[in-house]
Structures are given as C-alpha cells and as structure tokens.
Amino acid sequence: METTPARPPAIVTRGLVKRFGDQVAVDAVDLEVATGSVFGLLGPNGAGKTTIVRMLATLLPPDGGSASVAGHDVVAEAHAVRRTIGLTGQYASVDEALSGRENLYMIGRLLDMPAKAARARADELLEAFGLADSARKVAKNYSGGMRRRLDLAASLVGTPAVLFLDEPTTGLDPQRRNDMWEIVRDLAARGTTVLLTTQYMEEAEALARDIAVMDHGRIIASGTPQQLKHSVAGRWVHVRPADESDLAVLVGLLSEVLGTATQTGDGQATGPLTDEHQLTALLAVLAAKGIAVADLTTTTASLDEVFLSLTGKGED
Amino acid sequence: MSAVTLTPGPISRAGDTQRHVPLRSVLRHTGSMVRRNLLTIKADPEELADVTIFPLMMTVLFTYVFGGAMKGSLKPGENYLEFLIPGIITQMLTFGTVATGMKLNQDFDKGVIDRFRSLPIARSAVINGHIVASMLRLVLAMVFTLAVSFALGFRIHTNPLAALGGLGVVLALGFGVSWLFVYMGAKLSTPAAMQGVGQMVLFPLMFASSIFAPTSSMPGWLQSVVKINPLTNAADAARALMIGEGGALHPTLITLGWAVGFAVVFGPLAVRAYKNRK
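Residue numbers (this note's numbering), protein chains in the order written: chain A, 1 to 316; chain Z, 1 to 278.
The set of hints was computed from the structure by calculation and includes no laboratory data.
It is possible that some hints are incorrect.
Claimed, not checked - Where chain Z lies over chain A, by a calculated footprint (3+ residues, C-beta under 8 Å):
hint: 1; segment: 56–65
hint: 2; segment: 95–104
Said to hold, decoys possible - Cross-link-like lysine-lysine pairs, in silico, DSBU-like; alpha carbons within 35 Å at most:
hint: 3; chain 1: Z; residue 1: Lys75; chain 2: A; residue 2: Lys137
hint: 4; chain 1: Z; residue 1: Lys227; chain 2: A; residue 2: Lys137
hint: 5; chain 1: A; residue 1: Lys140; chain 2: Z; residue 2: Lys227
Stated by the list, open to error - Computed far set for chain A versus chain Z, every beta-carbon distance over 12 Å:
hint: 6; residue: Asn45
hint: 7; residue: Ala80
hint: 8; residue: Leu87
hint: 9; residue: Gln90
hint: 10; residue: Ile107
hint: 11; residue: Leu111
hint: 12; residue: Ser134
hint: 13; residue: Ser155
hint: 14; residue: Asp173
hint: 15; residue: Arg176
hint: 16; residue: Glu202
hint: 17; residue: Ala248
hint: 18; residue: Thr264
All residues carry an ideal CB built from backbone N, CA and C; glycine is no exception.
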C-alpha cells in the first residue's frame, strides 16, 4: 500500500535519548514511520527497542530529544497521544483475574464507551480473535497464545490509529505466529500504522515496509528489506557448468573476475558480486573460453545474514 | 477478521491537546476500576480471608485463650468479648489496607499498569479504584465480623447510630492508612517486599495498642507510645461508640486527625510514586 507523500508521518523521533543510570539505553535515535505503514524495529535483546516503544507510548519520559505520535508530542501532549495509540507489550498484560470479556469491557468503559457499546465491542473482538468460546473464562486459565490474542484485542478496543506491538510473536508456536502475522497485515491493510519490534529478521521482512536495525541503543541500518539486503551483504553469482569436468576451470575464471570464488558441494562455482559490471565481464570470459553453462543464478544474501553482519551476533 | 471494525477511528483530532480528564470521566473510570477490583474478589474469594477468617480466628483465640487471664485488667462487669470486638474491627483495617497496597504492587508486577497508563484516563483513576475497593472490602469484613460476634454474644450498648459512627471512625482511619500502603505498593519493587515491609510496620503497631488489652494494664513507658498509636485511638473510639466504654470525643478526634494526616501526606506521595514508577 502506497501512502500519499502529503500525509505527515505517524511517528517521528529526533535525537531520542533514554538513560538508565550510567547506561544509555536509547542513544540519539531518529525514526520516521509513514502513516498507514508497518515499521519493523529489529534488534537483539537489550538493543533498546522496548525502551523506544515505552517512550512513544508515554510510559517513560525521554531524557533527550523529542518524539511525536500522530503529530502530538509524547511529553507535552501525552494525553492526546494516549487517545491515538494501542499497546501490546512483550508480556501479555491482561488482568488475569477477569474473564476475557470483562477485560475488554473494562477497556471499552475506560475509553468512555457507553456500557452497551463496550459490551458489543468486547463480543465483536472476542469473536474476531477466536476467543468467543472462552469469553467467560478467567484469563488466568487461558493458554499463552490465547492470552496474547486477548492482549492484542485489548489494545484494539478503541480502534487505535497507531499500534505498538512489542515482540508480538515471541514465544508463540509457528501456527499462532502466522495467525498473528495475518492480523497485523489485516490491520495495516485497513490503514492502521503499526510499529512492531522483533528479534526475528524473518518477521520484519514478512510484515514491515521499512525496517530499522538497532543495537546498543543506536539505529545501525535502516531502509526497506530490499535496500538492507543490497546495502550490506551484496549479491552472489552461482554458475553450474554443463560439463562437470569444467568446474575447476570455472572456479578459476570466477576468481579472476570477482577476486574470490569457491566450489559448492552441489557442483557449482560461486562468488560475490561487488559491482554491476562483473556479471557482464564474467559472461564475456565464459564465452571467450567456450565454456557451456547449464545454469547461472544470482542471489541476494538473506536478511538473517544481513542482521548477523550488522550486529555481529546471531538471533538467539 | 472480516466483519470486525478494526479500521482506525477518528480518535486523533487536530488540536486535541486536552490534558486534564473531566471530573465525570474520572468518576466513571474510577467506577470501572472499582468494578475490576470487586470482580477480582469474585474470581479469587480466598483473598478476603485476611479480613474475614483471620479476624474471626483472632476473636475466637483471644476470647477463649486470653479472655480468662484478661478479666483482672478489665473494669468490673465488663466482658472480654465486648472489649475485644471493636478492637478486632480496628485490627481488620490494617490487614485490609496492606492487601490494597499488595494488589497495586501486583498490578505493576504483572504489567497491567502499563496498559492503564497507555489509556487516556486520569492517572488517579487506578489508585482511586484501589482505595474505594479497599473501603468496600472493609465494610464487607465489618458486616461479616459483626454478624459472627453477635452470634458469639456481643451486644451494642449504645445505640445503632453511635455504633455506625464507631465503624465510620475506623473506616476513616482505614482510608487514611490505605494511602500509606498504596504509596508503598507503588514504591516497593515486588509483592514480597511489600508484604514484608507491611507486616514489619503493622505488627508492633497492632500489639502496642489497645486492640487486645486495655492501655491501663501496660507499663508507663509503653503507655505513652500506645496512647498516640492511631490504632489505639480508633479502637477506643469504636469502643466508646459501640459499647459505651470511655469518652468518645477525644479518641475520635485523634483518629480523624491521623486519618487526615495519612491522606494528606501519603496521597500526593502515592500519586507521584505511581506516575514515576518505571
């Protein structure tokens, strides 16, 4: 979904800073999230993602810089921000002693809905999130996935224009994770701006239009998933000779043109592409040597590799 | 998913910079919070044990274990059960109000407060809800304890109105002390810490008071402490107003003074601690 450039961004931060004692949790972060888009804040544990979300959701005052949500400053106009947002935290924050229905009804009432409307809204959301059968059960007895869905439903009672999802799928099984992804896509398709934090590149790629990669409180890379892949890890070319006995020669030629090349286990020669002319040069060399090629492919490094090369650590 | 309204509504209006929640909304939000707290009791009735079963246990134990020994300290013709019941009602306020602080602390611990704080409601609604629910719980406990004590032979010797006044004085102190424990609930890091500190504050206050034994039976140095103890004054006021023992005015005024003092000092502190808690 393209947004018209005239619409102001839903979330803007400028030089946002948060310190906890000596530790700088968020270090001069600039973000801009387009209205109606899904934005992925990606980073390992302790990168500062949750701290940013808590500042944007008015739960934590910034120590420096500024942030606004839907045009409202998170400090000076916190109340107006709260009218606009929904928040689903990393740990499902529903009232365990209340039933699913009572939880949602309570939020509706707190959002100044008339009792009848709040009840109707609760039932509507319970139905939509597959919780209708457990509506009257106390949330303490819900499974982890059910609790997570109830938590998300609770943040949607007021149909927020901006939704914060802090690691919405951490700890969910693959089926439940896919359900959650569908919900996020659906919300985005209806125009909700979503800022989601995640430790999983796969998740950011699946959902987000734009991604910012965080580590140690800083944004270390940002852009679309495609831009991130290209900017950081480049591309690779893989060539399979028609005649297997040409493989060694082929590896030598690739190495000449690309600077380095290796032989893969399945009988291909492979090497990194660092500029656009290398592929043309490679084809010219192959033609000149008269080597018959069965297959030639180029691939982009996976985002997981990008993430790894940026943060210098694995996902887990 | 298809039928449900998830399309963002026109919640955010340009120029919507209102900072204060209108009083009517605050009252309604508080009402929702009270309802929430009462539903919590419904889901987990055992949590009422500290203001029902426990006082009952104390009543029975003290009446039958210490009742005989206490006779000498009482005025002629007075029986220990009648002396004890207004004290037990006062004692309930201590457990009841610590429980209120605990519940607020658990709300923080479980992340429920994060949700409330991200909603456009007055910050005070959550705390007010806890305080009001705390008062309702105390009233419930008083009704229960009185019913049981009537069955055990307790009688009011003044008149119903005065007796209600006595309960009112105890409730007033409960209201004041609630703010202290709500403050602690917002300030302390875990429910366990809250429990520990709460009891450390309460036990000496509870026993160094006229709840279980008349002040006159204690050594002089202790009496001076006991006499200023708010629990002593609340118990003495309740006694005067329920069974007609001693003057009512003096202990009532001191109790109300304490109640106002607690609320004035710890009310703002509690709201601040609640706002500033990370």
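Here is what the structure says about each hint:
For the segment 56–65 of chain A, the stated coverage by chain Z is satisfied: 4 residues place a CB nearer than 8 Å to a CB of that chain, which reaches the threshold of 3. Chain Z is given as covering the segment 95–104 of chain A, and this holds because 5 residues of the stretch bring a CB closer than 8 Å to a CB of that chain, at least three being needed. For the hint linking lysine 75 of chain Z to lysine 137 of chain A, the alpha-carbon distance of about 55 Å lies beyond 35 Å, and the restraint is violated. With a C-alpha separation of about 50 Å, the suggested pair lysine 227 of chain Z and lysine 137 of chain A falls outside the 35 Å cut-off, and the hint is violated.
Straight-line distance between C-alpha atoms of lysine 140 of chain A and lysine 227 of chain Z comes to about 46 Å, which puts the hinted pair past the 35 Å bound. Interface exclusion of asparagine 45 of chain A from chain Z stands, the closest Cβ pair being 18 Å apart, more than 12 Å. Taking the minimum C-beta to C-beta distance to chain Z, about 5 Å, the non-interface status of alanine 80 of chain A is violated against the 12 Å cut. With a least CB separation of 4 Å from chain Z, leucine 87 of chain A falls inside the 12 Å interface cut-off, contrary to its annotation.
The claim that glutamine 90 of chain A lies off the interface is violated: its Cβ sits roughly 9 Å from the closest Cβ of chain Z, which falls inside the 12 Å cut-off. Against chain Z, the non-interface label of isoleucine 107 of chain A is violated: not every CB pair exceeds 12 Å, the least being about 7 Å. Under the 12 Å C-beta cut-off, the non-interface status given to leucine 111 of chain A relative to chain Z is violated; the minimum distance is some 7 Å. No Cβ of chain Z approaches the Cβ of serine 134 of chain A within 12 Å, the least distance being about 14 Å, so the stated non-interface status holds.
Against the 12 Å criterion, serine 155 of chain A falls within the reach of chain Z, whose nearest CB is about 8 Å from its own CB. In this structure aspartate 173 of chain A is separated from chain Z by more than 12 Å, as the shortest Cβ-Cβ distance comes to about 20 Å. At the 12 Å boundary, the C-beta of arginine 176 of chain A stays outside the reach of chain Z, the nearest C-beta of that chain being 15 Å off. Consistency note on glutamate 202 of chain A: stated as away from chain Z, and its beta-carbon is indeed over 12 Å from all of that chain's, at 22 Å minimum.
In this structure alanine 248 of chain A is separated from chain Z by more than 12 Å, as the shortest Cβ-Cβ distance comes to about 56 Å. Against chain Z, the non-interface label of threonine 264 of chain A holds: every CB pair exceeds 12 Å, the least being about 43 Å.
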